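*Asks:* Listed here are the chains, written in short residue letters.
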Amino acid sequence: MIRHIPALALLAALAALPFALGQNPYLLNALITTGIVTIAAMSLNLLLGFTGQLSLGHIAFFGIGAYVSALTSLGFDVELVGGVRVVHEPWPPVVGFLLAVLATAACGYLVGRLSFRVRGAYFVIVTISFAEVVRLVALNWVELTQGPLALTGIPPFSLGLPGLGTTTLRTKLQNYYLVLVVGTLCYALIARLVASRFGRAMRGLKENESLALSVGINATRTLTVAAVISAAMAGAAGSLYAHYLRIIDPDVFLFSTTVTMVIMVVGGGKGTLLGPIVGGLIFGLLPVALRPVMVPEAQWMVFGLVLIAIQFVMPKGIVPGVARLVTRRRASAATAPRIPMEVRP
Amino acid sequence: MSDTPILSIEHVGVRFGGLVAIADLHFDVHAGEIVSLIGPNGAGKTTAFNVMTGFLKPSQGQVRFRGTSLQGLQPHEIVRLGLGRTFQRTSVFPDDTVFDNVMIGLHRQGRARVLDTLLGRDRAGEARLRERARDLLDWVGLSGRAGEKAGALAYGEQRLVGVALALATEPAMLLLDEPVSGMNASETQVFVRLIRSIRDRGITLLLVEHDMPMVMEISDRIVVLNYGRLIAEGPPAAIRADPAVIEAYLGHSSAALHQDGAGRTAATETIDA
Amino acid sequence: MPEFLQHLLNTLILGGTYALLGIGLTLIFGIMNVVNFTHGALYTVGAYVMYIAVTALGLSFFAALPTAILGGLLLGAILDLVLLRPLRGADMDTTMLVMIGAGIVLQSGTLWLFGGVAKSIPTPFPDAPLQLGPVSVSWLRLFVLGAALVLIGLTYGLINRTRLGLAMRATFQDHDTASLMGVNVRLIYTATFALGSSLAAAAGALLGPVYVVFPQMGGMAELKAFAIVILGGLGNITGAAIGGFILALAEELGAGYISSGYRDAMGFLIIIAVLVFKPTGLFAKAERIG
Numbered sequence: 001m002i003r004h005i006p007a008l009a010l011l012a013a014l015a016a017l018p019f020a021l022g023q024n025p026y027l028l029n030a031l032i033t034t035g036i037v038t039i040a041a042m043s044l045n046l047l048l049g050f051t052g053q054l055s056l057g058h059i060a061f062f063g064i065g066a067y068v069s070a071l072t073s074l075g076f077d078v079e080l081v082g083g084v085r086v087v088h089e090p091w092p093p094v095v096g097f098l099l100a101v102l103a104t105a106a107c108g109y110l111v112g113r114l115s116f117r118v119r120g121a122y123f124v125i126v127t128i129s130f131a132e133v134v135r136l137v138a139l140n141w142v143e144l145t146q147g148p149l150a151l152t153g154i155p156p157f158s159l160g161l162p163g164l165g166t167t168t169l170r171t172k173l174q175n176y177y178l179v180l181v182v183g184t185l186c187y188a189l190i191a192r193l194v195a196s197r198f199g200r201a202m203r204g205l206k207e208n209e210s211l212a213l214s215v216g217i218n219a220t221r222t223l224t225v226a227a228v229i230s231a232a233m234a235g236a237a238g239s240l241y242a243h244y245l246r247i248i249d250p251d252v253f254l255f256s257t258t259v260t261m262v263i264m265v266v267g268g269g270k271g272t273l274l275g276p277i278v279g280g281l282i283f284g285l286l287p288v289a290l291r292p293v294m295v296p297e298a299q300w301m302v303f304g305l306v307l308i309a310i311q312f313v314m315p316k317g318i319v320p321g322v323a324r325l326v327t328r329r330r331a332s333a334a335t336a337p338r339i340p341m342e343v344r345p
Numbered sequence: 001m002s003d004t005p006i007l008s009i010e011h012v013g014v015r016f017g018g019l020v021a022i023a024d025l026h027f028d029v030h031a032g033e034i035v036s037l038i039g040p041n042g043a044g045k046t047t048a049f050n051v052m053t054g055f056l057k058p059s060q061g062q063v064r065f066r067g068t069s070l071q072g073l074q075p076h077e078i079v080r081l082g083l084g085r086t087f088q089r090t091s092v093f094p095d096d097t098v099f100d101n102v103m104i105g106l107h108r109q110g111r112a113r114v115l116d117t118l119l120g121r122d123r124a125g126e127a128r129l130r131e132r133a134r135d136l137l138d139w140v141g142l143s144g145r146a147g148e149k150a151g152a153l154a155y156g157e158q159r160l161v162g163v164a165l166a167l168a169t170e171p172a173m174l175l176l177d178e179p180v181s182g183m184n185a186s187e188t189q190v191f192v193r194l195i196r197s198i199r200d201r202g203i204t205l206l207l208v209e210h211d212m213p214m215v216m217e218i219s220d221r222i223v224v225l226n227y228g229r230l231i232a233e234g235p236p237a238a239i240r241a242d243p244a245v246i247e248a249y250l251g252h253s254s255a256a257l258h259q260d261g262a263g264r265t266a267a268t269e270t271i272d273a
Numbered sequence: 001m002p003e004f005l006q007h008l009l010n011t012l013i014l015g016g017t018y019a020l021l022g023i024g025l026t027l028i029f030g031i032m033n034v035v036n037f038t039h040g041a042l043y044t045v046g047a048y049v050m051y052i053a054v055t056a057l058g059l060s061f062f063a064a065l066p067t068a069i070l071g072g073l074l075l076g077a078i079l080d081l082v083l084l085r086p087l088r089g090a091d092m093d094t095t096m097l098v099m100i101g102a103g104i105v106l107q108s109g110t111l112w113l114f115g116g117v118a119k120s121i122p123t124p125f126p127d128a129p130l131q132l133g134p135v136s137v138s139w140l141r142l143f144v145l146g147a148a149l150v151l152i153g154l155t156y157g158l159i160n161r162t163r164l165g166l167a168m169r170a171t172f173q174d175h176d177t178a179s180l181m182g183v184n185v186r187l188i189y190t191a192t193f194a195l196g197s198s199l200a201a202a203a204g205a206l207l208g209p210v211y212v213v214f215p216q217m218g219g220m221a222e223l224k225a226f227a228i229v230i231l232g233g234l235g236n237i238t239g240a241a242i243g244g245f246i247l248a249l250a251e252e253l254g255a256g257y258i259s260s261g262y263r264d265a266m267g268f269l270i271i272i273a274v275l276v277f278k279p280t281g282l283f284a285k286a287e288r289i290g
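Chains A, B and C supply the protein sequences, listed in that same order.
If you read the first sequence in my numbering, its first letter stands for residue 1, the second for the next number, and so on.
If you read the second sequence in my numbering, its first letter stands for residue 1, the second for the next number, and so on.
If you read the third sequence in my numbering, its first letter stands for residue 1, the second for the next number, and so on.
To be clear, the hints were calculated from the coordinates, so they are not data collected in a lab.
A hint or two may mislead.
Straight-line Cα separation of at most 20 Å, SDA-like style, residue types lysine to any residue; simulated pairs [said to hold, decoys possible]:
| # | chain 1 | residue 1 | chain 2 | residue 2 |
| --- | --- | --- | --- | --- |
| 1 | A | LYS206 | B | ARG108 |
| 2 | A | LYS206 | C | ALA77 |
| 3 | B | LYS149 | A | THR220 |
| 4 | A | LYS316 | B | ARG130 |
| 5 | B | LYS149 | B | ASP135 |
| 6 | B | LYS149 | A | GLY199 |
| 7 | A | LYS316 | C | ALA90 |
| 8 | B | LYS149 | A | ALA323 |
| 9 | A | LYS316 | C | ARG88 |
| 10 | A | LYS316 | C | PRO86 |
| 11 | A | LYS316 | B | GLY72 |
| 12 | B | LYS149 | A | GLU209 |
| 13 | A | LYS172 | A | PRO18 |
| 14 | A | LYS316 | C | LEU83 |
| 15 | B | LYS57 | B | THR46 |
| 16 | B | LYS149 | B | GLY125 |
| 17 | A | LYS316 | C | ALA56 |
| 18 | B | LYS149 | B | GLU170 |
| 19 | A | LYS316 | A | LEU305 |
| 20 | A | LYS206 | B | GLY72 |
| 21 | B | LYS149 | A | LEU99 |
| 22 | C | LYS119 | C | ILE78 |
| 23 | B | LYS57 | A | THR220 |
Bear in mind the structure is a predicted one, so any value in this text is a computation, not a measurement.
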């Protein structure tokens with residue numbers, strides 16, 4: 001329980017934050033979108049940080065989640081190849097959320113199976129290509145997605161319990177807490193996963209694959225499960241995005257958002273639990289801080305330079321870097337140096 | 001010892017393009033034995049191990065373990081049948097502690113499904129695993145190192161972690177790939193005792209080794225490879241005197257083969273070269 | 001039929017420049033094992049250097065081309081010396097992320113300097129296309145095809161007939177052995193990155209005048225270069241050259257007979273298909289024993 005204190009403290013701080021900021025709508029908006037992208041970053045960390053597979057197409061899951069959720073709640077009417085007409089009536093956004101999670105989980109399954117055949121740099125390229133194909137489909141299948149004209153008027157979430165009535169989440173404050181709740185659940189999920197037998201299997205595969213295989217770890221199954229959970233979480237984040245912004249266009253698939261997520265994970269500390277959150281807060285809010293002083297192009301240049309600098313200065317990320325500084329200071333305060341033990345007969 | 005061998009290598013051949021790594025390898029190991037696979041460098045010993053454990057597909061022939069053919073099986077499926085192995089290099093998960101290394105190794109013994117994990121239902125199972133991990137570390141003599149990062153350990157101790165990992169899979173038979181290479185005399189003796197204790201628990205052993213005195217001391221039988229072919233097979237005394245074996249090691253001191261295990265001569269070093 | 005021939009002709013022209021892109025990337029990817037996320041930015045830089053050389057510096061079109069190539073060469077060398085050399089030996093993730101960062105800096109920098117409005121590069125060729133029987137081709141595109149073929153030929157010559165090329169091929173096969181044989185591997189890496197970058201810049205300089213020049217043009221180009229490299233197999237120059245033409249053909253036919261919106265998707269679909277069915281590429285030779 002003690003080791004959860006930093007996370008709990010952070011949670012308490014985040015819960016109190018809107019009031020500390022005087023419920024400023026501009027800042028709340030920044031926090032909400034940052035929070036959503038951070039959830040996606042946490043899911044990316046599951047693949048990137050814990051299994052070591054660099055998936056640069058993660059935005060595809062996010063975007064698919066957003067579109068599935070939006071289309072489920074808006075309804076659609078398309079004619080498929082062969083003259084088959086598919087009509088869907090609008091369903092409640094919560095159902096959209098569930099379907100988004102299921103759809104992206106299925107996509108994650110495909111990616112997981114693929115990653116067994118293709119590793120390293122090739123895997124990176126396949127994932128980027130997958131995201132690009134999805135983006136082009138979203139852009140060109142205008143009948144379904146409205147293409148660049150965007151899906152608009154997406155209804156916000158309505159949460160309710162039978163007998164207690166329903167609330168529609170229209171205010172920024174409500175959405176902030178929704179994101180915080182979902183984010184906390186995702187964090188808890190990942191934490192539990194990492195501490196389990198499954199988490200050990202992921203670590204084993206990342207650190208020494210042949211050795212992991214030799215103790216009976218099934219690489220395909222482990223990577224596939226990781227990909228499914230990772231994708232589903234990103235899909236959930238996408239759904240939150242769609243119902244908060246209430247407008248979605250193919251730009252949601254831009255490589256630049258993937259880059260932002262990658263910076264959050266790698267900058268914060270891949271393979272750690274708090275890393276993507278710290279990275280998410282810093283790199284998600286950095287543009288907000290820079291906006292008054294720089295044009296977007298210059299902001300991106302700063303991002304690029306920061307990304308480069310991190311690789312040189314703190315390649316493992318901020319959280320491990322800070323942890324190292326803390327242990328180093330504690331170690332220098334320790335007493336006698338350790339005497340190496342001999343191999344006892 | 002029973003009549004049906006626990007491990008059968010049946011006319012296994014391995015070709016890499018035009019290169020013949022192993023040609024018609026054919027021998028058995030019986031339950032409870034300690035068999036050593038020896039031969040000059042490049043003779044195909046690690047290749048043979050990789051075939052037996054599913055890391056490499058043979059171009060011909062097959063391997064049978066406890067009567068089951070291993071053809072087409074993945075490494076993790078072979079481990080499930082009870083055949084474990086260690087590796088010559090990188091025998092640990094470097095970024096984890098020794099204890100966590102063994103916990104990873106106990107993967108097969110954990111029965112928790114992912115769903116149970118998410119719902120927190122496997123606490124008792126985890127406690128059992130931790131106890132088993134402590135037992136394994138005791139067995140190999142690494143209890144004092146449990147909290148240290150495996151990657152920071154001395155070479156010999158990393159090997160012990162590797163053995164603990166292989167033992168964690170509860171094998172019926174263990175393949176040890178050059179377990180004492182790079183170790184000094186006292187470390188080697190620690191290992192010899194460990195190997196004997198493993199056999200005493202009923203686990204069959206097949207080793208690849210270059211350390212002749214150790215091989216002569218510990219083996220029930222020795223199989224000799226050269227250029228991918230089996231050139232001799234038998235108890236240590238017979239191998240020592242076998243002319244084909246001596247010739248295979250010609251150019252290195254044949255005196256090495258006549259050592260009694262009391263110590264190593266400089267000659268044995270040349271065989272490692 | 002004439003429509004098909006027209007597509008074929010377009011394929012040749014586009015394929016030539018794609019081949020340049022692909023060869024440049026496969027050299028870098030193959031010899032240095034670096035996933036070069038700055039390749040697209042170099043393509044863009046090549047196009048912009050061409051633009052500046054012709055409009056601001058008043059150079060002739062035919063002098064601007066070598067200028068752009070030289071610019072790519074220099075920029076590539078600088079990137080390697082500043083970013084890659086200090087990180088030699090780090091894991092692939094680290095180099096990849098540094099390259100992504102550099103790519104972002106270059107692309108955003110271009111956007112910042114020149115603005116997002118697309119520019120066109122004036123050319124000295126007559127506007128009226130040349131009629132070759134049933135097909136027509138503009139003089140500019142003919143020049144592009146010729147220049148691309150010349151550059152491909154020169155690259156071939158460099159790799160296969162010079163000592164530098166021999167050193168590069170040796171480093172590709174086994175860089176430890178190569179360095180034991182006296183090859184200055186550090187120099188080879190820089191030369192490789194510079195060469196590959198100059199080819200990307202050349203592709204941009206050639207295609208810039210054909211279409212328009214804008215800061216994001218490198219993004220697509222980079223992804224297509226990846227497709228070509230995967231098609232042809234890592235480090236395989238002939239494969240990359242053929243791959244360039246195959247991609248161009250797929251795009252032309254896809255755009256012509258399916259839908260022009262999905263033109264760009266062709267490359268990615270090819271990547272996915274190839275990697276799923278034949279991960280080593282269409283032309284890869286037998287795997288080396290590790």
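*Asks:* Each hint: holds or not?
*Replies:* Here is what the structure says about each hint:
Restraint check: the Cα-Cα separation between A:LYS206 and B:ARG108 comes to about 18 Å, which is no more than 20 Å; the hinted pair holds. Straight-line distance between C-alpha atoms of A:LYS206 and C:ALA77 comes to about 33 Å, which puts the hinted pair past the 20 Å bound. Between the alpha carbons of B:LYS149 and A:THR220 the distance comes to roughly 27 Å, so the proposed pair goes past 20 Å and is violated. At most 20 Å may separate the alpha-carbon atoms for a hinted pair to count; A:LYS316 and B:ARG130 exceed this at roughly 29 Å.
For the suggested pair B:LYS149 and B:ASP135, the alpha carbons sit about 19 Å apart, so the restraint of at most 20 Å is met. Between B:LYS149 and A:GLY199 the CA atoms are separated by roughly 18 Å; this keeps the pair inside 20 Å, and the hint holds. This hinted pair checks out: A:LYS316 and C:ALA90 have alpha carbons roughly 12 Å apart, not beyond 20 Å. Between B:LYS149 and A:ALA323, the direct Cα distance comes to roughly 16 Å. Compliance with the 20 Å bound is thereby established for this hinted pair.
With a C-alpha separation of about 17 Å, the suggested pairing of A:LYS316 with C:ARG88 holds against the 20 Å cut-off. For the proposed pair A:LYS316 and C:PRO86, the alpha carbon gap of about 17 Å is at most 20 Å, so the pair holds. This hinted pair does not check out: A:LYS316 and B:GLY72 have alpha carbons roughly 39 Å apart, beyond 20 Å. A distance of roughly 18 Å separates the Cα atoms of B:LYS149 and A:GLU209; the hinted pair therefore holds under the 20 Å criterion.
The straight-line distance between the Cα atoms of A:LYS172 and A:PRO18 is roughly 10 Å, inside the 20 Å bound, and the hint therefore holds. Taking the CA atoms of A:LYS316 and C:LEU83, the gap is near 17 Å; set against the 20 Å cutoff, the hint holds. Pair hint B:LYS57 plus B:THR46 holds up; C-alpha atoms about 13 Å apart against a cutoff of 20 Å. Of the supplied pair hints, the one linking B:LYS149 and B:GLY125 is violated, its CA atoms being roughly 25 Å apart against a limit of 20 Å.
Straight-line distance between C-alpha atoms of A:LYS316 and C:ALA56 comes to about 45 Å, which puts the hinted pair past the 20 Å bound. Between the alpha carbons of B:LYS149 and B:GLU170 the distance comes to roughly 24 Å, so the proposed pair goes past 20 Å and is violated. Our distance criterion of 20 Å between C-alpha atoms is met by A:LYS316 and A:LEU305, whose separation comes to about 16 Å. A C-alpha spacing of about 24 Å is found between A:LYS206 and B:GLY72, which places the hinted pair above 20 Å, so the restraint is violated.
Of the pairs offered as hints, the one joining B:LYS149 and A:LEU99 is violated, with about 43 Å between alpha carbons and a cut-off of 20 Å exceeded. Restraint check for C:LYS119 and C:ILE78: the C-alpha separation of about 27 Å exceeds 20 Å, so the hint is violated. With a C-alpha separation of about 19 Å, the suggested pairing of B:LYS57 with A:THR220 holds against the 20 Å cut-off.
Taken one by one, the earlier hints fail for this structure at numbers 2, 3, 4, 11, 16, 17, 18, 20, 21, 22, listed in ascending order.
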